[in-house]
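Let chain A serve as the given structure and place chain B on it in line with the hints.
Just so you know, the sequences run in chain order A and B. According to my numbering, the first sequence is numbered sequentially starting from 327. According to my numbering, the second sequence is numbered sequentially starting from 327.
Source of the hints: derived by calculation from the structure; they are not laboratory data. Do not take every clue at face value.
Note: identical chains are not told apart, hence a pair may lie in one copy or across any two.
As a list, the in silico DMTMM-like pairs of lysine to aspartate or glutamate whose alpha-carbon atoms are at most 20 angstroms apart [to be verified]:
no., residue 1, residue 2
1, Lys-438, Glu-372
2, Lys-384, Asp-406
3, Lys-384, Glu-351
4, Lys-450, Glu-390
5, Lys-397, Glu-334
6, Lys-443, Glu-351
7, Lys-384, Glu-340
8, Lys-397, Glu-415
9, Lys-443, Glu-427
10, Lys-384, Asp-436
11, Lys-447, Asp-349
12, Lys-447, Glu-390
13, Lys-384, Glu-364
14, Lys-438, Glu-407
15, Lys-443, Glu-407
16, Lys-450, Glu-372
Listed below are the residues making up each chain.
2 protein chains.
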Amino acid sequence: MTEAWLDEIRWTDEGLVPAIAQDAETGNILMFAWMNRESLALTVSEGYAVYWSRSRNKLWRKGEESGHRQKLAGIYLDCDEDVILLMVEQMGGIACHTGRESCFYRQLLDGKWLTVKPVLKNPKTIYQNHE
Amino acid sequence: MTEAWLDEIRWTDEGLVPAIAQDAETGNILMFAWMNRESLALTVSEGYAVYWSRSRNKLWRKGEESGHRQKLAGIYLDCDEDVILLMVEQMGGIACHTGRESCFYRQLLDGKWLTVKPVLKNPKTIYQNHE
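Next up, chain A with everything else stripped away, as it sits in the complex:
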């Protein structure tokens, strides 16, 4: 397959593009992360979300430790060609490392960030069952 579609993306100076992951079934926003060219190409070829970890400076196959992989349902590009939207099927129904469905679990209410979404699974349990 040609990689012309990758050339149409306006990568940052660091060669990255922001990616939003949305649950294809519920419509909930699951997480936000970054991709480089290789991780986006791998996302398409493998059919599961692969991000670029800026903190670890390496490819990050989402769910490789937790099992909470994200099966690709669709990839969208915005009008400025500089943001990616991934529609995914979230394995286990948990995207956040805190054990919640979504990373966006705090809401601003009366001037404070309050936790409004429950922990579905203890993070210790999530990460000890996988190598």
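Chain B only, in chain A's frame:
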């Protein structure tokens, strides 16, 4: 109101935070933009989305020209405290300057970005009716 909640956000070196706007009714992702401290504070105090335009280097009251303002329905923060999710009521049902509901109107299909969402209103019409 105290601004302690603003201090909890991990701003970039440029003093910005990425913001995702989601339609509160349909769940569709409308757009992605950036905010600085002032624009986020104004978003809350005015009740409508105010972004920071990196290209124009100024506050951007979304919809001030088009009328397509975004009425705030909720603000969420992610687990890393470095991304904002805005739930909004999209005035006119159009967020994109191309006249589409969402900026994410192209989908990767068979290795090409194909337009999959319709123009709801001619952009020329959108911008000529407002000062």
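Quick rundown of the hints versus the structure:
For the homomeric pair Lys-438 and Glu-372, the shortest alpha-carbon distance between copies (17 angstroms) is at most 20 angstroms, but the shortest distance inside one copy (41 angstroms) is not. For the homomeric pair Lys-384 and Asp-406, the shortest alpha-carbon distance between copies (18 angstroms) is at most 20 angstroms, but the shortest distance inside one copy (26 angstroms) is not. When the C-alpha separation of Lys-384 and Glu-351 is checked against a cutoff of 20 angstroms, the pair qualifies neither within a copy, at 29 angstroms, nor between copies, at 37 angstroms. For the identical chains of this complex, Lys-450 and Glu-390 are intra-copy neighbours only, at 15 angstroms inside a copy versus 48 angstroms across copies, given an alpha-carbon limit of 20 angstroms.
Taking CA atoms no more than 20 angstroms apart as the test, Lys-397 paired with Glu-334 passes in neither setting, with 24 angstroms inside one copy and 32 angstroms between copies. Taking CA atoms no more than 20 angstroms apart as the test, Lys-443 paired with Glu-351 passes in both settings, with 18 angstroms inside one copy and 19 angstroms between copies. Taking CA atoms no more than 20 angstroms apart as the test, Lys-384 paired with Glu-340 passes inside one copy only; the shortest distance there is 13 angstroms, against 24 angstroms between copies. For a Cα distance limit of 20 angstroms, the shortest separation of Lys-397 from Glu-415 inside one copy, 5 angstroms, qualifies, whereas the shortest one across copies, 29 angstroms, does not.
Taking CA atoms no more than 20 angstroms apart as the test, Lys-443 paired with Glu-427 passes inside one copy only; the shortest distance there is 8 angstroms, against 28 angstroms between copies. Taking the shortest alpha-carbon separations for Lys-384 and Asp-436, neither the intra-copy value of 39 angstroms nor the inter-copy value of 28 angstroms comes in at or below 20 angstroms. With identical chains, the CA atoms of Lys-447 and Asp-349 are at most 20 angstroms apart within one copy only, with a shortest distance of 18 angstroms there and 28 angstroms across copies. Proximity of Lys-447 to Glu-390 under the C-alpha cut-off of 20 angstroms is restricted to the intra-copy arrangement: shortest distance 17 angstroms within a copy versus 44 angstroms between copies.
For the homomeric pair Lys-384 and Glu-364, the shortest alpha-carbon distance inside one copy (11 angstroms) is at most 20 angstroms, but the shortest distance between copies (34 angstroms) is not. Taking identical chains as interchangeable, the C-alpha atoms of Lys-438 and Glu-407 lie at most 20 angstroms apart only when they sit on different chains, with a minimum of 13 angstroms there against 34 angstroms within one chain. In this assembly of identical chains, the alpha carbons of Lys-443 and Glu-407 lie at most 20 angstroms apart only when taken from different copies (16 angstroms versus 32 angstroms within one copy). Taking the shortest Cα distances, Lys-450 and Glu-372 never come within 20 angstroms of each other, neither inside one copy (28 angstroms) nor across copies (41 angstroms).
Hint compliance for this structure: hints 3, 5, 10, 16 are not met, and every other hint is.
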